[in-house]
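Colleague: Sequence order for the protein chains is A and B. End of the first sequence sits at 172 in our numbering; the numbers just go up one at a time, nothing left out. End of the second sequence sits at 453 in our numbering; the numbers just go up one at a time, nothing left out.
If you're looking for bench data, these hints aren't it; they were derived computationally from the structure. Do not rely on the hints blindly, as some may be mistaken.
Heads up, simulated DMTMM-like pairs for lysine to aspartate or glutamate below, C-alpha to C-alpha not over 20 Å straight-line [to be verified]:
1. B/Lys76 x B/Glu292
2. A/Lys159 x A/Glu125
3. A/Lys159 x A/Glu112
4. B/Lys76 x A/Glu140
5. A/Lys159 x B/Glu222
6. B/Lys347 x A/Glu112
7. A/Lys56 x A/Glu149
8. B/Lys287 x B/Glu221
9. B/Lys287 x A/Asp158
10. B/Lys287 x A/Glu131
11. A/Lys159 x B/Glu292
12. A/Lys56 x A/Glu115
13. B/Lys287 x A/Glu115
14. B/Lys287 x A/Glu112
15. A/Lys56 x A/Asp161
16. B/Lys347 x B/Asp375
17. B/Lys347 x B/Glu221
18. A/Lys56 x A/Asp107
19. B/Lys347 x B/Glu376
20. B/Lys287 x A/Glu140
21. A/Lys56 x A/Asp162
22. B/Lys347 x B/Glu292
23. B/Lys347 x A/Asp162
24. A/Lys159 x A/Glu140
25. B/Lys76 x A/Asp107
26. B/Lys76 x B/Glu38
27. B/Lys287 x A/Asp107
28. B/Lys287 x B/Asp375
29. B/Lys76 x A/Asp69
30. A/Lys56 x A/Glu27
31. A/Lys56 x A/Asp69
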Amino acid sequence: MTTPEPLTLDVREELHRGGEPLPRIMETVRQLAPGQALRLLATFEPLPLYAVLGRKGFGHQAMHHNVEDWEVLFTPGTAVPEQPKGKKPHTTTVSTSGWPAPSAFLDNRGLEPPEPMVRILDSLEHLGPGEVLEAINEREPVFLYPELEARGAAIHTDKRDDGMHLLIRRGA
Amino acid sequence: MPAVSDRLSRWTPLIFACALVNFLLAQTLIVAGMTWPEMALTAGSTLVTVHLITLGWLTLLMFGALFQFVPVITTKPLLNQWLSLAVLILVEFGLAGMIVGFLALNHGASGLVYCLPFGGTLVLAGVLLAMGNIVTPLLHSRPLALPGRFVLAGLAFLLATILLGLTFALALSVPAFTPLVAPLLAGGVGYHVLAGLGGWFTLTAIGVSYKLLPMFMLAPEERGWWGECVLQLGISGFGLSVSAGLLSVWWPQAVLLNAVQYLGWLAIVVAVMAYLIDVLRLYRTRKRARIELHNRATFGAFLSLAAALVIAVILVVSHRLAAYAPALVLLVLFGWLSGLGLTQLYKIVPFLTWIMRYSHQLGRGAVPRVQDLVDEARTSPWFVIYFLGVALATLGAFINVAYVCRTGVTVSAGATLGLAFEYWRAWRGYYAGRARPVAPIPPPCLSRGGPAP
């Protein structure tokens, strides 16, 4: 059986216009044939996508051709499972089975508290009922929990080497 | 998911307010010339002032901060929020009892002297409750992160300090008890001070700073073997010097005890130096280019700690520690510990205010940023004035010129008042209110008790 050719998606123009290409990328990923890779052309290294697609088992290989010209090959089945050294992964008890794929992504690393919380709650208000937001924080968002509880949202946290990965589902 | 009440310590703002009042009161007594350096070190009013600062200001400040930040460090709730209020009441009433007892000591009012051990017992009860409240989440969080382990060690030293203090109180007020601990009363007070200022305040302050500095400067929180060294050397340093020192009160000629004591001193010096170097590394490896005022001003506290370390080494080596110990204690209390407290409060107060008042509005309308609650340009002179006052007071204490020392404390007291006013403005949303309408003031228990409207 031959491996299908990678599917190419160019989001550079959309990024230049200030658009948000994540939904289109996720849609394209869904359309990939089994075993097919995604060749993504972007204006910057899409670090957040590594985490999002890594969860789906995609490994990545990035090439920096020029300023604002990145090519990243996402190949299924090559993701290295992230396992913190010497530590058990910390995961909350909320199960994410039955949750839809995230429709928004936030990389909150490098932001001072409470900015991550501000961005998450802001984004959450723009999601439809039942939709999911994915975020990476530097730390466990202890002050966020009560706010989510008050808004009827659920959260799943997963502590990894590169930060605290959060999946937050807006209440119905 | 944790409940709302798990994350916010609802009594912490009230505890901070009471602590600040105690600090201002203590400074007022010094400014009025009612304490050392005008009066004797052992004068009742001097002891009142010292305990207003150590118990009323610094211990309450530390408890208020720990009640808020231990649940953040451990992601586990306090044992009970109401315990925090009970701690405040017990420590304040206990302190009041001690104050009456100290004053009675000087005035020969033998009946009232009993207030000293009675007040001390109330303080002990408050401290035990506080420890229960803080240790519970710490023990539920395994493996315990470095800041939490500093706090546990600090609390152990606090208990030792309070028990020593209570022993002194009994020795001073119950004649039958006095002969039993007479040597301790004569030569052990210094170790009570060392256990409190070093073991309790300094170790805990280091632990809290290891959480707060990386959190707001976005520096790496993992301190690795270096942080581990600071902890182990700090614990063994203060532990050895205090315990060997206390034993040497009974066996002053024991060479081994003296050697152990010096070993302890050496460990303290290395621990504090390692910590200060680590602080510099924290600042250098931060991801935030701009440092906010509280972390710029904290340099005054770190400089004070470094100066205190150098001076202490010189005094120990030249065998002049006993003569200049009060001046050294003044520098540690005002420069390092109160300096760190006042500067970190400038972040903690607006941060808590913001979480309590605005977090439930996020995503639903315009919300001020945490930085909108403060006016750094207006506040920064107060920090400069505060540390200049401390430097002057320390100089006055070392050259033994009382009015210079008092002038310095007057300056720092004025700055403390100015800073207290700025905390109050942050809490009331004064600066945020200039730009946009603010949320209603929270109820007196200072928290949001339930889901957001």
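Colleague: Run every hint past the structure and note whether it holds.
Modeller: These are the hints, each one checked on the structure:
no., hint, verdict
1, B/Lys76 x B/Glu292, "violated (29 Å)"
2, A/Lys159 x A/Glu125, "violated (25 Å)"
3, A/Lys159 x A/Glu112, "holds (18 Å)"
4, B/Lys76 x A/Glu140, "holds (12 Å)"
5, A/Lys159 x B/Glu222, "holds (15 Å)"
6, B/Lys347 x A/Glu112, "holds (12 Å)"
7, A/Lys56 x A/Glu149, "violated (28 Å)"
8, B/Lys287 x B/Glu221, "holds (12 Å)"
9, B/Lys287 x A/Asp158, "violated (23 Å)"
10, B/Lys287 x A/Glu131, "violated (32 Å)"
11, A/Lys159 x B/Glu292, "violated (28 Å)"
12, A/Lys56 x A/Glu115, "violated (28 Å)"
13, B/Lys287 x A/Glu115, "holds (14 Å)"
14, B/Lys287 x A/Glu112, "holds (9 Å)"
15, A/Lys56 x A/Asp161, "holds (18 Å)"
16, B/Lys347 x B/Asp375, "holds (12 Å)"
17, B/Lys347 x B/Glu221, "holds (18 Å)"
18, A/Lys56 x A/Asp107, "holds (18 Å)"
19, B/Lys347 x B/Glu376, "holds (11 Å)"
20, B/Lys287 x A/Glu140, "holds (18 Å)"
21, A/Lys56 x A/Asp162, "holds (17 Å)"
22, B/Lys347 x B/Glu292, "holds (9 Å)"
23, B/Lys347 x A/Asp162, "violated (27 Å)"
24, A/Lys159 x A/Glu140, "holds (8 Å)"
25, B/Lys76 x A/Asp107, "violated (26 Å)"
26, B/Lys76 x B/Glu38, "violated (48 Å)"
27, B/Lys287 x A/Asp107, "holds (15 Å)"
28, B/Lys287 x B/Asp375, "violated (23 Å)"
29, B/Lys76 x A/Asp69, "violated (46 Å)"
30, A/Lys56 x A/Glu27, "holds (13 Å)"
31, A/Lys56 x A/Asp69, "violated (25 Å)"
Checked against the numbered hints listed earlier, the structure breaks hints 1, 2, 7, 9, 10, 11, 12, 23, 25, 26, 28, 29, 31; every other hint is satisfied.
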